[in-house]
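Enquirer: One letter stands for each residue in the lines below.
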Amino acid sequence: MKKPILYFLYAALLFTACKPQTPEHYTDTGKKACIYPEYTDVTIPPNIAPLHFHIEHADGNTVTRFSCGQKELTLSGADVKPSPSDWKELLQTAKGKRITVDVYYERDGQWMHDKPFTLTVAQEEIDPYLSYRLIAPSYVTYEDLTINQRCLTDFSERVIYSNMMLSTEQDGQCINCHAYQNGNPQQMQFHVRGHLGGTVLIQNGKIKKINLKTDSTLSAGVYPAWHPSLPLIAYSTNLTGQAFHTRDPQKVEVQDSRSDLILYDIERNEVSTVSDEPDALECFPTWSPDGRYLYYCSARFHIEHPEHPDYELMKNYRTIRYNLYRRAFDEPTRTFGPEELVYDAVSLDKSATLPRVSPDGRFLMFTQGGYGIFHIWHKDADLCLMDLVSGEVRPLEKLNSPDVESYHSWSSNGRWVVFSSRRNDGNYTRPFIAYIDKEGKERKPFELPQDDPDYHRQFLRSYNIPEFMTDRVTVSVQNLASAIRHPAHNAKYRQRE
Amino acid sequence: MQKEHRTFSFRIFPWITMALATMACGWLLLSGYNDDFFYRAQEHSLFLPTRLFYDTLAIYPGGTLSWAAAFLTQFFYYPALGVTILLCLWIAVMAVTRKVFRTPDRWSVLLLTAPCALLAAILQNGYFLFYCKLPGHLFVPTLGYLTALLAAWLYRTLPPRNGIRTGWMIVWACIGYPLFGAYSFIGTACMMMLGYYLNADRFWGRLKPVLTGLLLIGLVPLIAYLFYSQTNIDMLYRAALPCFSIGEETFYQFRIPYVLLILAPLLCLAVYERRVPVLRTWQCITLQTVALGVFIAFVNHFRYNDANFGRELCMYRATEELDWEKVVDIARHCDETPTRPQVMNKNLALFRLGRAGDEMFRFRDGSSIPNAPFGVKLTQINAKQMYFHYGKANFCYRWCMEDCVETGWKVESLKFMAKTSLLNQEYDVARKYLNLLKKTLFHKDWAAHYETFLQHPDRMREDPEFGPILHLMCFKNGLDSDNSVVELYLMNSFAKSFKEDPLFEEQSVLSALVLKNIDLFWEHFFRYAAQHTNDPHMPTHFQEAAYLYGHLEDKVDISNMPFDQEVKQSYEAMMERTRQCAGMSEDQLAQVLYPRFGHTFYYYYFLYRNVKTY
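If you read the protein sequences in the order shown, they are chains A and B. Residue numbers are given in my numbering: position 428 of the first sequence equals residue 428, and the series is strictly consecutive. Just so we're on the same page, my numbering is the position in the second sequence counted from 1, plus 1000.
It is worth saying that the hints were derived from the structure and are not from the lab. A hint or two may mislead.
Here are the in silico distance ranges between beta carbons for each label pair [to be verified]: (1) B:G1218 with A:G194: 48 to 56 Å; (2) B:G1218 with A:R485: 31 to 39 Å; (3) A:T470 with B:V1259: 48 to 56 Å; (4) A:D387 with B:N1435: 24 to 32 Å; (5) A:G194 with B:Q1425: 30 to 38 Å; (6) A:T120 with B:E1321: 34 to 42 Å; (7) A:R485 with B:A1270: 47 to 55 Å; (8) A:Q92 with B:E1465: 50 to 58 Å; (9) B:K1438 with A:Q21: 32 to 40 Å; (10) B:L1081 with A:G205: 54 to 62 Å.
If you want a taste of the chain B side facing chain A, the calculated C-beta under 10 Å gives, among others [said to hold, decoys possible]: (11) T1212; (12) L1226; (13) N1232; (14) I1246; (15) E1249; (16) M1401; (17) S1421; (18) N1435; (19) L1436; (20) K1439; (21) G1478; (22) D1480; (23) D1482; (24) S1493.
Even for Gly, the Cβ is constructed at its ideal location relative to N, Cα and C.
Whenever a hint applies, use it, and build me the whole structure from the sequences.
Expert: Structure follows, in structure tokens:
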């Protein structure tokens, strides 16, 4: 009986002895800590998964200390990976305060200490789930695509749907444009293109597949926007093509030769036109949180020879620019008012796309680049914020980088935004999360945390359309595949009076 | 005495058979162009010792098998080493088969069934190498089959009581399917059949393993389907098997070696523990000789043997190594109509050697269709290499990405993506690819070499590989598309561009020659001449084109041009010979004129027609 007790004591002693200690003697470098992902001085939610990071320039031992008041957490190793329980405890203590992080590392046998950095823990929580499509940043081909959901409070990730469930060598399938009503995973939609194509609607566990293409519309629904309270989804319809840059590292130009806006009434299974103005390329609809306005972007471009639009588009691609507009929506009659200009980007030689109104209705975030619509390939694309009360527009400098910033989504409480950025390497899109306060002031964003800090440097896929969700999607992949196997219900077209 | 002697013969027979088979397989695998084939196979594969890499494969049933096979595929970097590993595994297959089925020595030849099937599965590949989507596909069947046999061997060695064997069968089916995909069925089927034979005296004892096995094979994939989120239900029973469909068509003939592989245990069971009638020695030897002959014929039938394919592989590798003389040498020894990749590689090599203007049309030209049952696209084979060396960095990058998306990430693409990113000054993404390559077993040094350009981009101008490419990158950006027609796009883009860079301009003249575009030729010819006023030698093919076009059209006065005597003489001689051959068909004329004029631009202009580029 004595032996096990002794072993236990030895083990306990060993464990205590191994607990990392910060060095007594070290040299202050006075430099900013060099870590990946770049988490220095960021603001984080109190319910976020541990921020695992790698200390870049250590060549020996390393010790990292997180401290907030009396609470301390000390870890060793170049990969700094606090345990979930320690992290949770730390965040609970630090809610509304700052965590100071001290990084000590050995270089050439000498202990060094970089300038401490902070992690500001906000009071407001982030929505617990994030969904995105994972796709290799290819141009024409596609193979395995998945729409995934990631729990933001830990590292678990699950596939919502994968095109490989039904793709065959002969019949490939593309999936895209997942969207939710107010981030509610019980009200979800995404598109299946090609084999067994249609728009998949998931409503409280029930799955329907709809064919939104009618004789009176350009295409099936493309970029979606759920009405915040009604069973309505606005879509753009697009005729899209692409051409390749011969020299520019932006590599590809995705352009619409025509695009309109439609409204789909889920209950009536009816499609009607919202906007199909000639020479106007309307796209990326989004609702105001009260459902009274439909915002979108639109460019004026006249194509001389509609039967061969590609040449004209390729020749003039730098001159096609989008403004932001809105139309008032009358709920009882389900009709839209005339087009109102919200932001005149064209007058500034800019092109504004992807409008998204904050849940409190005060701010409009959008992506602005020099030209065009598909800003994910435009290195000058940045996020901007418009105060809808004052009309003031400003770039979100703390969120932007010299590379691409594009898609963005507000959390349900309006304090967090997730946006896609190619700042790491210019080619692979990664989700970044940032805090925006009530006055619209942004804080430095942080990259989606991963269990392996090096994950995003090794990962060869892009994250498309990062969207917050208030819970997880519960419908199984197999059930979705089974539903998609069935023929789509054809939507009817309703002419507006 | 006679009987003892016979027994002795049969004992040594299996070892002689195995040794001979090993040597034959080794010879077959390494003969011909297979050295380059295996090298290219490992370039077309990727193994990273990371959790992410394993997870990426393990999301599919049989992913672990693919992972292990991708690991072994790396060793084809030294083709002889990879082949040796393969041969060792086949010897293991034979040894385990013998143990599992207690194959009598006199039937040892049947042990060759599986290695023959596995050999045929490799040798049949040809251009399929560029279309196969299964990671590690050259090692997958060998590893999968060997593992299945080992599982059956364990079944056999387990005690036949308390349902231990049945328990192992269930465990194997449940863990074997996620790890080894459809190969787990072979293991289960072997156990099923062994169970049948090992319980010879009891009806229920015989029936139980058979029913259990069938149930497991049928049910386990269906249950597993609930846990896989990226697997088509139609593919459940084909997991870890290569898919021989390209586009709309499925090429069933590629499946035959796999069918033989499945039949191999059945053949061994046919002679299980001497259950076959005792044959006379001569009958036995005859039967085994016939079997051996059938195996040889089978492998030979499936052996893909195409000289053009071999030359393409060899040229590709030589181009990678910047061994331009070797590329030219391979083209020189081509005595049949080449495929376009060969012509393109040869033209590129001559251009790099500065001899294209004098020698480009001295070689056989044409557009032999790649020998494959499916349409082979240049974008899949060497578009990346051509675009890279001709300075179309974006197009190279694009086709690397498209290829990786369709057929998986590979060393070859990562290398080109790293290099084109360096050319595009996209250093962050270049670092990403180089860091990945640094994790590989055999491409670390390569990555380390190119990493130096991250610190010293200025050295690229002086680099023998990047230097000439940077000259060709002096064009402005524009939107364009190659419509998947690589050669035509390249030639058009050069022929229609006018730049001050002499190297670019030289390529523009060459492209105008290839396109047989007279107007563009003249424009570039005069620019080239103006840029080379200090060079007394005007390349022969440029002179030939000028002399020919001057005679064909009156647009340019060539009377004062200082043509070489040989240029004028060969033109006159060819015209004269053509007049003499009046009435001949174009094909006949081409044959008659080739020996004397096949090395001239005149011949290329008049007699290489309908060259199909793709």
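Enquirer: All the hints need checking, so say for each whether the structure fits it.
Expert: Taking the hints in turn, this is what the structure says about them:
| no. | hint | verdict |
| --- | --- | --- |
| 1 | B:G1218 with A:G194: 48 to 56 Å | violated, 31 Å |
| 2 | B:G1218 with A:R485: 31 to 39 Å | violated, 21 Å |
| 3 | A:T470 with B:V1259: 48 to 56 Å | holds, 53 Å |
| 4 | A:D387 with B:N1435: 24 to 32 Å | violated, 43 Å |
| 5 | A:G194 with B:Q1425: 30 to 38 Å | holds, 36 Å |
| 6 | A:T120 with B:E1321: 34 to 42 Å | violated, 54 Å |
| 7 | A:R485 with B:A1270: 47 to 55 Å | violated, 42 Å |
| 8 | A:Q92 with B:E1465: 50 to 58 Å | holds, 56 Å |
| 9 | B:K1438 with A:Q21: 32 to 40 Å | holds, 33 Å |
| 10 | B:L1081 with A:G205: 54 to 62 Å | holds, 55 Å |
| 11 | T1212 | violated, 26 Å |
| 12 | L1226 | holds, 6 Å |
| 13 | N1232 | holds, 6 Å |
| 14 | I1246 | holds, 7 Å |
| 15 | E1249 | holds, 8 Å |
| 16 | M1401 | holds, 5 Å |
| 17 | S1421 | holds, 8 Å |
| 18 | N1435 | holds, 7 Å |
| 19 | L1436 | holds, 7 Å |
| 20 | K1439 | holds, 8 Å |
| 21 | G1478 | holds, 5 Å |
| 22 | D1480 | holds, 5 Å |
| 23 | D1482 | holds, 8 Å |
| 24 | S1493 | holds, 8 Å |
Comparing the model with each earlier hint shows violations of hints 1, 2, 4, 6, 7 and 11; every other hint is respected.
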